[in-house]
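Enquirer: So you can see what is in the structure, the chains are spelled out below.
Number of protein chains: 2
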Amino acid sequence: MDKVLTLETINPNMIKIEYAVRGPIVERALQIEKELKNVSIIRIYYKQIQGDKKSFNEVVKCNIGDCHATGQRFITFVRQVTALATFPHLLEEKSFPEDAKSRAKDLLTACSGSSVGSYSHSLGLELVRKDVAKYIHQRDGIESNWENIFLACGATEAVKMLLEMISTTGRGSERAGVMIPIPQYPLYSATNSEYNNFQINYYLDESDNWSLSADELKRALTSVKGQCIPKAIVIINPGNPTGQVLPQKCMEDIIKFAVDNRLILIADEVYQQNVYQPDKYPWVSFKKVLFNMGPSYSGKLELASLMSCSKGYMGECGYRGGYCELLNFDPAVQAQLYKALSARLCPPLMGQVALEAIVNPPKPGEPSYFLFVKERDDVLSALKDKADITYNALNSMPNMSCNPVQGAMYAFPRIHLPPKAIQEAKVGLIKH
Amino acid sequence: MDKVLTLETINPNMIKIEYAVRGPIVERALQIEKELKNVSIIRIYYKQIQGDKKSFNEVVKCNIGDCHATGQRFITFVRQVTALATFPHLLEEKSFPEDAKSRAKDLLTACSGSSVGSYSHSLGLELVRKDVAKYIHQRDGIESNWENIFLACGATEAVKMLLEMISTTGRGSERAGVMIPIPQYPLYSATNSEYNNFQINYYLDESDNWSLSADELKRALTSVKGQCIPKAIVIINPGNPTGQVLPQKCMEDIIKFAVDNRLILIADEVYQQNVYQPDKYPWVSFKKVLFNMGPSYSGKLELASLMSCSKGYMGECGYRGGYCELLNFDPAVQAQLYKALSARLCPPLMGQVALEAIVNPPKPGEPSYFLFVKERDDVLSALKDKADITYNALNSMPNMSCNPVQGAMYAFPRIHLPPKAIQEAKVGLIKH
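Sequence lines, in order, name chains A and B.
Just so you know, we're using the UniProt record's numbering here: the first sequence kicks off at 1 and counts up by one.
Just so you know, we're using the UniProt record's numbering here: the second sequence kicks off at 1 and counts up by one.
Any given hint could turn out to be false.
Identical chains blur together in the list; that is why a pair holds if it fits in one copy or across any two.
[Claimed, not checked] Below, computed lysine to aspartate or glutamate pairings styled on DMTMM-like, alpha-carbon distance capped at 25 Å: (1) Lys3 to Glu252; (2) Lys3 to Asp260; (3) Lys16 to Asp260; (4) Lys134 to Asp260; (5) Lys130 to Asp279; (6) Lys426 to Glu143; (7) Lys61 to Asp279; (8) Lys105 to Glu92; (9) Lys16 to Asp388; (10) Lys280 to Glu174; (11) Lys386 to Glu58; (12) Lys105 to Asp253; (13) Lys130 to Glu58; (14) Lys134 to Asp388; (15) Lys34 to Asp140; (16) Lys160 to Glu18.
Hints are computed from structural coordinates only; laboratory data are not their basis.
Since the model is a prediction, treat every value here as computed from it, not as a measurement.
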């Protein structure tokens, strides 16, 4: 008998989703990983068997910024706070420092029934939202209202909710248009497909270190005229997968463009801690740039800024902790978003706990301060070294070139096909 | 200037969402909680002030099954495993039992880079999925294929993905129809609104302990003929918020009805551990009933069964751990669902760790066994007592009646309005 659910009857938007980061290549990598493991088991028992035809014995997955999977160590303080909140018996242990204990105690007091096993408010624990606001205030020198901050299951969930909210559920030219960079992080294209948004591609300029010009934004928007209702622009800064850090002038142009064209700005700023030449290429938040542009802009742009505990020096992807700060949103719209978030109950408590340890890290004079600073700086300096190594290695290869990695954790190299290969491909095309 | 996003321009489905469980009543409760806290702070400093006009000094939120928030204690083994996986230094500690250490070690080996800070496979760690399959096998005596199991951010995320997948994205009579019980758990109505599914209400029979008859299902389906494309039926067993446990005969009728009417069955079985009179009203999984009905049914019904670590004796809501087992789904459809899940990267690792501790609990002979059994049974017996107390209290009140709580964690009482109140209301209606 036929199935009720078939490719013909399920949600067509779901079929349209493409997500290469977790697609067939990852499946193949997992398969190879298993083959390698089996070979090594066989080898242990039957040393004479040499069935392994592969020239390597380990798979390192670099398809996604999975920090700990590729050797980055966790930050002791973050894990001490999370362990203490998990198992409060440990609060009696002398081996845990007092500052970690004090954070964990505050968190437990903030949790219903003093347990991370209870639900939090659907937007996250008030304590954590307030400490996120303090973190933003300290970062930008601009006040942040904790009620405009919601916590999420990674920044990913916040992105999905925003792009769902933007959707008009219309068809054809009634669809909501969302501008995204190319090259992009495929969450954006996948989520636009999921909610039937119209994807408007703007291109980063590889020849100018993945820069972004107002002209290109105009071109992109003009090119889709009449095909959709443009509603949002997504900017990823530092760039994923392109690794650039946007200059302030460029950010001002983007803000002007968004305001002039009545677009909300979704600022994916999850790599804000991954900046490798801060003197030469400093990272500044869109919020700060916006406020620096004065009241004729700062009160106008609807800005959503995303941050996560998955990247930076902490790299705690598995905890699924993230936040979003909303600025200048219509309170009625914000209320609708908050209501929709309430249906999924609450963000993972352990992600909230990890986020608290990150936005409220050890301060000078606290017992964990020196270790924290050392671990943080070691990770960031190792990432900087890797960025340089990658850049140099790629550029030393024949027919390969790559822009410097100023931020984030990615290099996006260019392969220059030799004329002969292009010639051969053309002949092949004609033949077939 | 007008906002880009207004109630007129955002996703209309989002506006349609209703979610009372986290709506204005909760907001009011939070407000009262704050007032009480402020009053108590004032009292400490100025003992003479007696500004508190409330006759209570604590708010206990029973709007949702938030176990730990209402005093339920965590299970030591679950928290030991999660603490060990969080902070592996603790593996050296003698105070942790060997079985908890061995679970944590296995989990860490299963994690990329031996860290819960890494992403897992988007469907969850293979280790946990396999142990979920073993748990199901042991529960039902029927083989379970771990590849049909995906882990989620609570059962909630799985429900949302299933209802999204079912959506046709059509309008009017082209919308997908989803049968849900009334009274229901509002996640279902909210999610149907979110994905524009047509809600088909079937009514549980309060006069017969919230039973469900095939006649009522037929009536409900017939009543919406031509208004939608019926695709799924949701059954919550044990019932939320009605607390009944379905008899096997009733489940057979539901299965026949679903197969005959070409509906997939979404079995919300998250309260499978919350059964208070197992001798008289035993809980059986839909999967088991289906297989007992023989191959003419067992190969036909597309069944999705949900389970979570938020309920039962563990009550670890904050961890957001859950799973879904799919049965008889078209492999191509299952692949689409799995692809869609990959865009959100992975379920929270700590939820997966907690789930592992629950589906693979201490076994006889292991050091944690006796404590685990004691803690589990204490919680379940306290819940049973509370169920009885609630039932008796409600039925002892004038103009109030309530069915017995056989399972889950809810009582759904009936208020019998006195004739005079009804009379008064009628007069009021006429006046206005």
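Enquirer: For each hint, tell me whether it holds in the structure or not.
Expert: Checked hints:
With identical chains, the CA atoms of Lys3 and Glu252 are at most 25 Å apart between copies only, with a shortest distance of 20 Å across copies and 54 Å within one. Taking the shortest Cα distances, Lys3 and Asp260 sit within 25 Å of each other only across copies (12 Å), while inside one copy they are farther apart (50 Å). Taking CA atoms no more than 25 Å apart as the test, Lys16 paired with Asp260 passes in neither setting, with 32 Å inside one copy and 31 Å between copies. For the identical chains of this complex, Lys134 and Asp260 are neighbours neither inside a copy (31 Å) nor across copies (58 Å), given an alpha-carbon limit of 25 Å.
When the C-alpha separation of Lys130 and Asp279 is checked against a cutoff of 25 Å, the pair qualifies neither within a copy, at 30 Å, nor between copies, at 50 Å. For a Cα distance limit of 25 Å, the shortest separation of Lys426 from Glu143 qualifies neither inside one copy, at 59 Å, nor across copies, at 53 Å. With identical chains, the CA atoms of Lys61 and Asp279 are never at most 25 Å apart, being 31 Å at best within one copy and 51 Å at best between copies. In the homo-oligomer, the alpha carbons of Lys105 and Glu92 lie at most 25 Å apart both inside one protomer (12 Å) and across protomers (24 Å), since each shortest distance falls under that limit.
For the identical chains of this complex, Lys16 and Asp388 are neighbours neither inside a copy (37 Å) nor across copies (51 Å), given an alpha-carbon limit of 25 Å. Within a single copy, Lys280 and Glu174 get their C-alpha atoms no closer than 44 Å, and across copies no closer than 57 Å, so neither meets the 25 Å cut-off. For the homomeric pair Lys386 and Glu58, the shortest alpha-carbon distance inside one copy (19 Å) is at most 25 Å, but the shortest distance between copies (54 Å) is not. In this assembly of identical chains, Lys105 and Asp253 lie within 25 Å of each other by CA distance neither inside one copy nor across copies; the values are 45 Å within and 52 Å between.
When the C-alpha separation of Lys130 and Glu58 is checked against a cutoff of 25 Å, the pair qualifies only between copies, where the shortest distance is 23 Å, while the shortest distance within a copy is 43 Å. Taking CA atoms no more than 25 Å apart as the test, Lys134 paired with Asp388 passes in neither setting, with 33 Å inside one copy and 47 Å between copies. Taking the closest pair of Cα atoms, Lys34 and Asp140 never come within 25 Å of each other, the shortest separation being 47 Å inside a single copy and 30 Å across copies. Taking CA atoms no more than 25 Å apart as the test, Lys160 paired with Glu18 passes in both settings, with 15 Å inside one copy and 19 Å between copies.
In summary, the structure is inconsistent with hints 3, 4, 5, 6, 7, 9, 10, 12, 14 and 15 from the numbered list given earlier, while agreeing with the others.
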